[in-house]
Amino acid sequence: MVKDMDKEHTEMMQEIQEENRKLQVSGYEWDITLTEQDVEEHGWIRGNSLLHAFETIASAHVDSLDMGFEQMIAQNRIWVMTKIKYVVYKRVDPGESYHLGTYPRPKKGILFYRDYYLWDKNGDVVAAATSQWCILNFKTRRPERTDIEVPGECIDHEPFDAGIEKIRWMPEEGDDPQMLYHVTEDDLDKNQHVNNARYAVMIDETLGTSAHREVTIHFAKETVLDDEILLYTDAEKADPKAADYADGGTSQHVVGELSDSTVVFKSLVKPL
1 MVKDMDKEHT EMMQEIQEEN RKLQVSGYEW DITLTEQDVE EHGWIRGNSL LHAFETIASA
61 HVDSLDMGFE QMIAQNRIWV MTKIKYVVYK RVDPGESYHL GTYPRPKKGI LFYRDYYLWD
121 KNGDVVAAAT SQWCILNFKT RRPERTDIEV PGECIDHEPF DAGIEKIRWM PEEGDDPQML
181 YHVTEDDLDK NQHVNNARYA VMIDETLGTS AHREVTIHFA KETVLDDEIL LYTDAEKADP
241 KAADYADGGT SQHVVGELSD STVVFKSLVK PL
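Counting from 1, one number per residue, gives the positions in the sequence shown under UniProt numbering.
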């Protein structure tokens, strides 16, 4: 079933890529080479490496449009990712070259949408993702409604029919955290907050694996140096009858909270 889904999705993504080029949509593409550190022992790309690649190309794209960090911070604004969902379809090989592309979709209100695709040298889709962003006032940390638009023709289709799902599971009062994550300088981005890719590391460490079919993350609270994030999971008591049961295994959740129960992030993880 997985092989059939991969073949069908690859054909669809190849059609999308060709359509994008014909329409000259606003997008950005380049080649990347994966290292051994990017790949777990069974050949699946690590979530933090995938998210880092997505963030890097998204930053390069907005930089090329004069909408990057330097231009935004001069207006007391920053881009913030609020949600992301990615699906991995194929194993990867360290040392091999892969083609990465990102394409924005039309914004809705204060929300901006951006999709990502990773292809191998044969044109097969290795991974795809969709993300949701907003613009924050740097000082107040509150979302701003602006007249900013991504120039050019935007794509009008999403990588996944279901979009980014809601995440309903939360730890109950009295639940013990699976682990505690202490934020260090290595976790921080240029805004001195934890980089979004590092939350994938927290998910992997909580579940004890970096091999996942699908991961959805909702980012709720920025964290900083020396914060301690309590990580909860339902991995051992997930219900196979639940609506988010995945082919091949039971879906799992990982939720990060501060000591005062403030939610940092919520995630839904579907196994291979």
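Misleading hints may appear alongside valid ones.
As the list claims (entries may be wrong) - Here are the simulated SDA-like pairs of lysine to any residue, each with C-alpha atoms no more than 20 Å apart in a straight line:
1. Lys107 - Cys134
2. Lys270 - Cys134
3. Lys108 - Thr33
4. Lys139 - Gln192
5. Lys270 - Lys108
6. Lys90 - Arg213
7. Lys139 - Glu96
8. Lys90 - Cys134
9. Lys121 - Gly95
10. Lys166 - Asn76
To be verified - Label-pair restraints from in silico Cβ distances:
11. His99 - Thr140: 15 to 25 Å
12. Lys166 - Glu222: 15 to 25 Å
13. Leu225 - Ser59: 16 to 26 Å
14. Asp176 - Leu111: 34 to 44 Å
15. Leu111 - Phe138: 38 to 48 Å
16. Ser64 - Arg145: 20 to 30 Å
17. Lys139 - Leu258: 18 to 28 Å
18. Leu225 - Ile73: 16 to 26 Å
19. Leu258 - Lys166: 14 to 24 Å
20. Ser261 - Asp147: 17 to 27 Å
21. Leu225 - Ser261: 18 to 28 Å
22. Gly43 - Glu149: 36 to 46 Å
23. Ser64 - Glu41: 30 to 40 Å
Keep in mind the hints are simulated off the structure, nothing from the lab.
Every residue, glycine too, gets a C-beta built ideally from N, C-alpha and C.
Each hint tested on the structure:
1. Lys107 - Cys134: holds (9 Å)
2. Lys270 - Cys134: violated (26 Å)
3. Lys108 - Thr33: Judged against 20 Å, a Cα distance of about 34 Å means the pair is violated.
4. Lys139 - Gln192: holds (13 Å)
5. Lys270 - Lys108: Violated. Lys270 to Lys108 sits at ~28 Å, over the 20 Å cutoff.
6. Lys90 - Arg213: The hint holds at about 9 Å.
7. Lys139 - Glu96: violated (42 Å)
8. Lys90 - Cys134: violated (31 Å)
9. Lys121 - Gly95: Holds - the C-alpha atoms of Gly95 and Lys121 are around 12 Å apart, at most 20 Å.
10. Lys166 - Asn76: Violated, at roughly 31 Å.
11. His99 - Thr140: 15 to 25 Å: The hint (15 to 25 Å, Cβ to Cβ) is violated, given that His99 and Thr140 are roughly 39 Å apart.
12. Lys166 - Glu222: 15 to 25 Å: holds (21 Å)
13. Leu225 - Ser59: 16 to 26 Å: holds (22 Å)
14. Asp176 - Leu111: 34 to 44 Å: About 35 Å separates the Cβ atoms of Asp176 and Leu111, which means 34 to 44 Å holds.
15. Leu111 - Phe138: 38 to 48 Å: violated (18 Å)
16. Ser64 - Arg145: 20 to 30 Å: holds (24 Å)
17. Lys139 - Leu258: 18 to 28 Å: holds (22 Å)
18. Leu225 - Ile73: 16 to 26 Å: The hint (16 to 26 Å, Cβ to Cβ) holds, given that Leu225 and Ile73 are roughly 20 Å apart.
19. Leu258 - Lys166: 14 to 24 Å: holds (22 Å)
20. Ser261 - Asp147: 17 to 27 Å: Given a distance of about 37 Å, which is not inside 17 to 27 Å, the answer is violated.
21. Leu225 - Ser261: 18 to 28 Å: holds (21 Å)
22. Gly43 - Glu149: 36 to 46 Å: holds (40 Å)
23. Ser64 - Glu41: 30 to 40 Å: holds (36 Å)
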